[in-house]
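I would like the entire structure built from these sequences, with the hints used as guidance.
Per numbering that gives the first Met the number 0, residue 0 is the first one in the sequence shown, and the count goes up by one each step.
Think of the hints as simulated: they come from the structure by calculation, not from any bench.
Hints are not guaranteed to be accurate.
[Stated by the list, open to error] Only pairs whose alpha carbons sit at most 20 Å apart, straight line, appear in this in silico DMTMM-like list of lysine to aspartate or glutamate: (1) K97 with D123; (2) K146 with D113; (3) K161 with E125; (4) K97 with E125; (5) K73 with D123; (6) K134 with D95; (7) K97 with D113; (8) K158 with E125.
[Unchecked claim] Cβ pair distances, simulated, as ranges: (9) I23 with T160: 25 to 33 Å; (10) H37 with N79: 19 to 27 Å; (11) T19 with M143: 20 to 28 Å; (12) H37 with N64: 14 to 22 Å; (13) I17 with G117: 50 to 58 Å.
Cβ atoms here follow ideal geometry from the backbone N, Cα and C, with glycine treated the same way.
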Amino acid sequence: MNKKVITYVLIFIALVSIFTYISINFNSKEKAVSFAIHKDLPELKKVDYELVKIPNSPYILCITNIPHSIYIFKTSSFLNMNFASISGAEHLYAGDGKGMHFLNDYLIYGFDKDRPQGKAIYVDGEKMRTVYLNKYFKTSKYKMNYKDLVFYYPNKPMKTTKNSLGYTEVTYR
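In structure tokens form, the structure reads like this:
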């Protein structure tokens with residue numbers, strides 16, 4: 000009987016300590032992303048990066064300076080604890096700064112730098128939410144390349160139609 004009590008007390012102490020560790024280290028989305036970066040992308044430990052929280056979205060962007068890359072992390076909460084996992088990456092130096100990211104054929108987000116001033120981004124007639132990213136490249140020698148860079152995303156993942164060439168079209172209005 001005495002061994003059972005000791006066992007229950009030790010299990011209780013272990014559970015409390017695990018819960019305390021998780022609640023201290025994962026009490027904000029940014030801390031959860033920082034933990035995911037150090038766990039999943041150890042090469043970023045040596046690079047300066049900036050976390051950008053996207054309003055009304057589960058996404059947080061990790062923008063690095065050298066080379067110019069944006070890592071997209073999706074966050075989720077469970078029992079007041081935050082968790083993050085990498086959702087994708089956009090390597091600005093290797094492309095044209097435009098791209099759509101899909102999950103199971105549903106559009107989840109995209110990048111654009113051809114949007115005319117004062118126009119909104121539409122995909123299949125639905126207006127996308129946008130976040131301007133040019134202010135995060137002000138100290139870069141490539142700031143002119145990213146002056147119109149925008150991160151866009153739908154309210155919820157959406158099924159898109161494709162044109163005759165097999166691409167989903169972005170329109171500006």
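- Query: Which earlier hints turn out false for this structure, listed by number in ascending order?
  - Reply: 5, 9 and 11
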